[in-house]
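*Asks:* So the chains spell out like this:
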Amino acid sequence: MQGEIVTLIGPNGAGKTTLLRLLLGLTKPSTGAIWRRPGLRIGYMPQRLHIDNSMPMSVQRFLQLGQPGIKAAQAQTALDRVGAGQLLQASLANLSGGEMQRVLLARAASRKPQLLVLDEPTQGVDVGGQSELYQLIATLRDELNCGVLLVSHDLHLVMAATDRVLCLNQHICCHGHPEQVSRDPAYLELFGDKVAPYTHQHNHQHKLSGDIAGECTNNHCGAKSGGKNREQH
Amino acid sequence: MVEFGELLHSQFLWYALGAGLLVALASGPLGCFAVWRRMAYFGDTLAHSALLGVTLGFVLHIMPTLAVGATCCLLAILLVYLQRRQKLAVDTLLGILSHSMLALGIVTVSLFEIKVDLLSLLLGDLLAVGARDLALISITVLGILGLLYWLWEKLLAFTLHEELASVEGIPVERVRMALMLMLALLIAIAMKVVGVLLITALLIIPAATARRLSRTPEQMALLASLIGCLAVVFGLLASILWDTPAGPSIVLAAAVFFLSSQLRPVTAK
Chain Y
1 MQGEIVTLIG PNGAGKTTLL RLLLGLTKPS TGAIWRRPGL RIGYMPQRLH IDNSMPMSVQ
61 RFLQLGQPGI KAAQAQTALD RVGAGQLLQA SLANLSGGEM QRVLLARAAS RKPQLLVLDE
121 PTQGVDVGGQ SELYQLIATL RDELNCGVLL VSHDLHLVMA ATDRVLCLNQ HICCHGHPEQ
181 VSRDPAYLEL FGDKVAPYTH QHNHQHKLSG DIAGECTNNH CGAKSGGKNR EQH
Chain L
1 MVEFGELLHS QFLWYALGAG LLVALASGPL GCFAVWRRMA YFGDTLAHSA LLGVTLGFVL
61 HIMPTLAVGA TCCLLAILLV YLQRRQKLAV DTLLGILSHS MLALGIVTVS LFEIKVDLLS
121 LLLGDLLAVG ARDLALISIT VLGILGLLYW LWEKLLAFTL HEELASVEGI PVERVRMALM
181 LMLALLIAIA MKVVGVLLIT ALLIIPAATA RRLSRTPEQM ALLASLIGCL AVVFGLLASI
241 LWDTPAGPSI VLAAAVFFLS SQLRPVTAK
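Protein chains in written order, with our numbering: chain Y, 1 to 233; chain L, 1 to 269.
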């Protein structure tokens with residue numbers, strides 16, 4: 001959906017990255033089909049970018065790479081927007097983890113994407129920087145009016161800025177809105193980033209393989225579940 | 001030194017210089033990609049198949065450079081294909097292929113009882129470059145440089161992050177194949193200049209030397225070409241003055257440049 005932030009969560013090996021790669025067209029599905037709006041412009045922020053020190057490349061050149069429309073001033077604007085304006089002339093190989101994530105986000109956003117895909121955007125970022133980065137993603141969504149799909153482990157941080165959560169464990173376990181309260185600005189202001197109100201609702205239990213082991217024995221059941229491995233934008 | 005003036009009038013010297021400079025021009029930017037993508041061993045593997053190419057050329061009555069070019073290209077395609085579907089590490093795969101190719105080359109040489117000048121194959125035979133060789137080298141180098149210019153941005157994006165490039169609409173597989181084929185062709189023509197043993201040096205050393213002196217990928221590529229050309233000039237001079245083999249002299253000259261570039265104090269870039 002236009003302008004919606006969808007977060008993929010799930011344990012290791014749940015298939016989050018596989019789903020992401022399928023949606024990005026990096027892996028071909030063995031069965032099923034993916035429908036993509038023709039001409040969909042995707043801004044992709046990979047999990048990490050390791051650049052070998054043997055390649056001399058400045059942040060500015062990286063932002064302009066393959067995007068002839070982006071002039072120095074626009075590269076500067078893109079960096080300013082993610083709070084990394086001072087990095088324009090820095091060497092890509094010397095960036096810290098947090099700086100690199102911001103630069104990657106700036107590049108993804110500078111393509112004016114209709115869909116922003118972020119694979120664990122806060123990897124290697126310290127705790128303070130993490131919530132800042134999530135806020136930034138929400139702001140970018142408002143400015144670009146694009147859909148956002150992100151994979152994350154930081155449940156407590158990411159939920160505040162998410163419209164819909166998709167919980168994977170080999171299949172879609174559950175999906176839904178994080179509780180309304182968590183998005184209330186007053187609530188956020190009061191409690192800062194320590195919000196975790198996505199009530200996790202399962203109606204089944206898992207074997208280690210991720211298969212459904214049977215009806216849920218906990219008493220929190222009631223949410224919908226489905227095995228459809230399909231995502232639309 | 002009296003001979004030196006006379007030498008300047010001899011055609012073979014100018015052919016040698018022309019061939020060396022042309023190959024150095026193309027190996028500058030391609031060497032940068034070899035350094036950036038850590039493909040040094042890949043060049044070596046292709047070079048190992050040169051002997052097989054030479055024998056095939058002999059059996060099929062094709063010009064050796066052409067036959068080696070074709071063999072290297074086929075091997076490059078095979079490598080790309082195997083890399084995609086093998087679960088083995090790339091260096092394992094390269095090790096298997098390079099030595100199998102070398103063994104196959106040696107076996108075919110003895111099977112067909114071909115007399116191969118191994119020394120000139122291994123170390124190059126720059127001073128024996130003829131007009132036909134020079135023409136072939138010129139065409140290949142022009143082709144490589146043109147392709148590099150055309151694909152430059154795509155190659156850089158592909159080198160930085162393949163998946164990001166793919167999502168952004170760059171035909172990654174075709175770019176990879178283009179890079180491999182350019183390397184294969186370069187190795188085929190460089191064989192005459194420095195020989196199969198030293199081809200990797202001609203790729204890697206100028207690029208590594210240029211790294212310390214450049215701030216952009218383009219600077220590094222151009223500088224690598226320039227350093228390669230200087231190495232060819234000095235190597236050839238040394239070869240004439242002291243009667244040393246041309247290929248190794250060129251590589252040594254490049255190595256001296258590399259060492260002197262390392263003397264420059266490290267600056268944060």
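Quick caveat, the hints were computed from the structure, so don't treat them as lab data. Using N, Cα and C, we set each Cβ at its ideal position, and we do this for glycine too. One should not assume that every hint holds.
Chain L regions said to be covered by chain Y (calculated; three or more residues, Cβ under 8 Å) [to be verified]:
hint : region
1    : 62-71
2    : 99-105
Negatives, chain Y to chain L, calculated, CB over 10 Å [what the hints assert, rightly or not]:
hint : residue
3    : N12
4    : S30
5    : I42
6    : D52
7    : S54
8    : P56
9    : G66
10   : D126
11   : Q170
Cβ pair distances, simulated, as ranges [what the hints assert, rightly or not]:
hint : chain 1 : residue 1 : chain 2 : residue 2 : range
12   : L       : V90       : Y       : D126      : 31 to 37 Å
13   : L       : L111      : Y       : N94       : 44 to 50 Å
14   : L       : W152      : Y       : L26       : 19 to 25 Å
*Asks:* All the hints need checking, so say for each whether the structure fits it.
*Replies:* Quick rundown of the hints versus the structure:
1. 62-71: Violated: only 0 residues of the region 62-71 of chain L have a Cβ under 8 Å from chain Y.
2. 99-105: violated (count 0)
3. N12: holds, 20 Å
4. S30: Consistent with the label, S30(Y) stays out of reach of chain L, its closest Cβ about 15 Å off (over 10 Å).
5. I42: The assertion about I42(Y) is violated, with a minimum of 6 Å to chain L.
6. D52: D52(Y) is in fact no farther than 10 Å from some Cβ atom of chain L, at 6 Å.
7. S54: The claim breaks: S54(Y) does not keep its Cβ more than 10 Å from every Cβ of chain L (closest is about 5 Å).
8. P56: violated, 5 Å
9. G66: About 5 Å separates G66(Y) from the closest Cβ of chain L, which leaves it inside 10 Å; violated.
10. D126: Holds, because the least Cβ-Cβ distance between D126(Y) and chain L comes to about 23 Å, which exceeds 10 Å.
11. Q170: holds, 23 Å
12. V90(L) <-> D126(Y): 31 to 37 Å: holds, 34 Å
13. L111(L) <-> N94(Y): 44 to 50 Å: violated, 55 Å
14. W152(L) <-> L26(Y): 19 to 25 Å: With a Cβ separation near 24 Å, W152(L) and L26(Y) satisfy 19 to 25 Å, so the hint holds.
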